[in-house]
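Engineer: Here is how the chains run, residue by residue.
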Amino acid sequence: MEILEYTDEHKEFRNRLREFAIKEIIPLADEWEENHLIPKEIWQKMGKAGFLCTNVPSEYGGHGLDFLYSVIIIEELSRTNQSGLVVSLHSDIVVPYITSYGSEEIKKKYIPGTVTGDTITAVAMTEPDAGSDLVSMKTTAIHDGDSVVINGSKTFISNGINCGLVVVAACDPEEPDPYRSISLYIVEEGTPGFEKGKKLDKMGMHSQDTSELFFNNCKIPKENLLGDKGGGFIMLMEKLQQERLVCAIGAVAGAQYILENTIDYCKNTLSGSGKPLSKSQATRFAIVEMSTEVKLGKTFVDKLIAEHMNGENVVIETSMSKYWTTEMIKRTVDRCLDLTEDYGISEECLLGRAMRDVRVHSIFAGTNEIMKEICSKFMGL
Amino acid sequence: MFELNKMQKEIRKSVRAFAKGEFEKEQCMEMDKSCKFPESQKNKAADTGYLGVHFPEEFNGGSLGVVENALIAEELCIKDSTTGCAIMLSIMGSEFLLRYGSDSLKKRYLPELSGGKIISSEAFSEQTSDSEFLNINTVAEKTDSGWVLNGKKANVINGDSSDIFFILCKIEENQDGRDNSLAVFLVDSSRSGIIVDEKKDSLGLRMLNWVDITFNNVTIPLENHIVSIGNDKKELYLYRSEILVQIAAMATGIAKGAYERSLSYIKLREQFGKKIGEFQITRHKIAEMATQIELASLITHKAAQTIDSGKPDYAICAMAKNSATRSAVKVTDEAIQLFGGYGFTSEYEVERYYRDAKVLELLGSSKSFLKDKIADKEIGRIKKSKK
Ligand SMILES: Cc1cc2nc3c(=O)[nH]c(=O)nc-3n(C[C@H](O)[C@H](O)[C@H](O)COP(=O)(O)OP(=O)(O)OC[C@H]3O[C@@H](n4cnc5c(N)ncnc54)[C@H](O)[C@@H]3O)c2cc1C
Chain A
1 MEILEYTDEH KEFRNRLREF AIKEIIPLAD EWEENHLIPK EIWQKMGKAG
51 FLCTNVPSEY GGHGLDFLYS VIIIEELSRT NQSGLVVSLH SDIVVPYITS
101 YGSEEIKKKY IPGTVTGDTI TAVAMTEPDA GSDLVSMKTT AIHDGDSVVI
151 NGSKTFISNG INCGLVVVAA CDPEEPDPYR SISLYIVEEG TPGFEKGKKL
201 DKMGMHSQDT SELFFNNCKI PKENLLGDKG GGFIMLMEKL QQERLVCAIG
251 AVAGAQYILE NTIDYCKNTL SGSGKPLSKS QATRFAIVEM STEVKLGKTF
301 VDKLIAEHMN GENVVIETSM SKYWTTEMIK RTVDRCLDLT EDYGISEECL
351 LGRAMRDVRV HSIFAGTNEI MKEICSKFMG L
Chain B
1001 MFELNKMQKE IRKSVRAFAK GEFEKEQCME MDKSCKFPES QKNKAADTGY
1051 LGVHFPEEFN GGSLGVVENA LIAEELCIKD STTGCAIMLS IMGSEFLLRY
1101 GSDSLKKRYL PELSGGKIIS SEAFSEQTSD SEFLNINTVA EKTDSGWVLN
1151 GKKANVINGD SSDIFFILCK IEENQDGRDN SLAVFLVDSS RSGIIVDEKK
1201 DSLGLRMLNW VDITFNNVTI PLENHIVSIG NDKKELYLYR SEILVQIAAM
1251 ATGIAKGAYE RSLSYIKLRE QFGKKIGEFQ ITRHKIAEMA TQIELASLIT
1301 HKAAQTIDSG KPDYAICAMA KNSATRSAVK VTDEAIQLFG GYGFTSEYEV
1351 ERYYRDAKVL ELLGSSKSFL KDKIADKEIG RIKKSKK
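Residue numbers (the numbering used here), protein chains in the order written: chain A, 1 to 381; chain B, 1001 to 1387.
For the record, the hints were derived by calculation from the structure and aren't laboratory data.
Computed from a prediction, not measured in an experiment: that's the story for all the values here.
You can trust all of the hints, since none of them are fake.
Distance windows between CB atoms, simulated:
| hint | chain 1 | residue 1 | chain 2 | residue 2 | range |
| --- | --- | --- | --- | --- | --- |
| 1 | B | LEU1268 | A | ASP177 | 23 to 31 Å |
| 2 | B | GLU1288 | A | TYR179 | 31 to 39 Å |
| 3 | B | LYS1267 | A | ASP177 | 28 to 36 Å |
Straight-line Cα separation of at most 30 Å, DSSO-like style, residue types lysine-lysine; simulated pairs:
| hint | chain 1 | residue 1 | chain 2 | residue 2 |
| --- | --- | --- | --- | --- |
| 4 | B | LYS1373 | B | LYS1170 |
| 5 | A | LYS275 | B | LYS1377 |
| 6 | B | LYS1267 | A | LYS372 |
| 7 | B | LYS1371 | A | LYS295 |
| 8 | A | LYS40 | B | LYS1033 |
| 9 | A | LYS199 | B | LYS1200 |
| 10 | B | LYS1233 | A | LYS279 |
| 11 | A | LYS267 | B | LYS1152 |
| 12 | B | LYS1267 | A | LYS138 |
Listed below are several chain A residues computed to face chain B (Cβ distance under 8 Å; list not exhaustive):
| hint | residue |
| --- | --- |
| 13 | SER280 |
| 14 | SER346 |
| 15 | GLU348 |
| 16 | GLY352 |
All C-beta atoms in this analysis are idealised placements derived from N, C-alpha and C, irrespective of residue type, glycine included.
Based on the provided sequences and hints, a complete structural model is requested.
Structural biologist: The structure is reproduced here in structure tokens:
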């Protein structure tokens, strides 16, 4: 019995995406990793095939589909040997800020491009000195007549180089209460005063163009404010449930993919004694233990998906799932590497890339320590 | 051995000062990225006497022991994990020569190795062999004029740049027993018939290279036969013990290096109006890391001492390798976490320490194999039950 009910349309969508990935993504993954960039065309191809912003209503050019389509996209992209094409960040994290909080004009103006993939999006919250402690951010937004002037610098921004549009969090220096000072704004690429900085040199996610962004007297129209002025912190909090859930879905699917590959390898590789590696009792037990963890994670996360789709408040559980599943995928890669022995040293074995890529899962979208802080707060501890 | 003696402490201090002066951060990061061997750093380390301290003085060594060699490895890796490992492993396999070689071979090669003039590689593994070196298919055949070698070796460290290989072969003339006909040979890389495949990109220790090498009718002098391996594989186990200790020592250094960097960072980085080192969770992480390092270092020194005392204990060396490399992976992983997003960038180095630590854990004999061996020793023979 499945927790989530996938219809035939969902299944057909999954098959279509899997075929798309086999043709358009997997063969290019190595090249993207080497170039340290995702080509913009793949975003457009994804858009054209209907794989971006699936839940955007049709009046803005979208497909009006349910969250299970997002789940399918996250799961399938976890099986493509690259993690730079962060479709879910775009479709399930950034664009929802615009769909939920943008004015009608703003939605009409910006959303269609995000569905076709002509506009790639990013969200800029983190600053060099403000990571976990988001509200200590220093980037300012000063309203001046019909425009807003933004000043400050952001870092670790996913899609920072490719983005055509950024949702920027900035604060009002006049507002003493930090929780009421943050607002969200849309800044377009090419706006004078908005500059993209250098791409960060990272351990993994090489194809992802994570970078710094600078705002230097960057003037935008006041219509580009999302929601109410000073409502930024609340909007961020409202959207975080989905963001964390997205991380957990990716972690479970990624772990499952890694494990499947490792099981294949262990069954098909002979040890020195002439038997497949998977015949060793220690290897068999390790595989069973890891499979158990993946199943536990999947059961937990699938239930959260159902509750999330049902509109329930599952902040505590999604925070728990974000920390547990991201630790679980790290543990899984680490143990899988041990099973492949020295083959894992070579980057030829994709586990090395997986290890380099998944290390960040316990850091981004709120570190796992912050997840536990949130849980404990909501649990009244 | 609970405390280092005065001389050992001196060695530690001087290696630390050396590494601080010679290993430049930006340069090391660049060498890791471009997979370049730290030639000049290795030469300077050799000139200072840090290569082959466990070789006798007559062969340009330091006449010291495996403990001292481990201390050097540790200190070099604290300052830079990849450079440290590359230097230590640049004479890989040389212990075979040191322990079993003829005087003339030793005279000829050991001073060159410890002097940093040449690089050596261990070419033991094959595609189908395992940690116990079952299934070695590279064959050495004795002829009147020398030995003729044929076969293919896998994942030879530094195979692309080595001057000499220590190669494990099956001896043709005695091929009845499956595993009692092995021998180790010294092969000059300038011999004809050696085909080196393309370098493999690796997860860590990227200043070294990993290659597969084919030996195609490679002829070497008769005297280059270093030693035949006995039925009990005693020679292989002794050699492996030394490698295991060396890996454990490098891992301990890597853990310490990542730990020291974390310590400075948590005292500087502020979030929520506090230094992150003030949060109880951070403090407990530091406590855990420090504990891991203390344990790794103790067992590594103990293992090294079993070799120096003339009673090499393979099981202890295996424990040291397994536990020190595990600690190194855990400590470097936690270091990345403490650095937050910055830990994921190359700039802060701990990501490289983490990758290097994991490669050390995978290197040499597998974790599972070493556990088998430790259990062999601990459990001994069990009487089979009668049906
Ligand atoms: C690849 C990548 C992509 C990213 N993408 C984006 C993006 O698109 N947009 C964006 O805005 N940001 C992005 N980030 C930033 C990410 O969200 C931050 O790195 C993260 O929130 C942590 O902040 P920090 O790096 O400043 O670490 P810090 O906040 O400095 O944390 C350092 C360490 O201290 C710990 N710590 C902090 N506070 C406490 C506490 N109270 N108790 C105990 N421990 C604590 C942390 O858990 C961590 O271990 C990305 C980061 C990476 C690496």
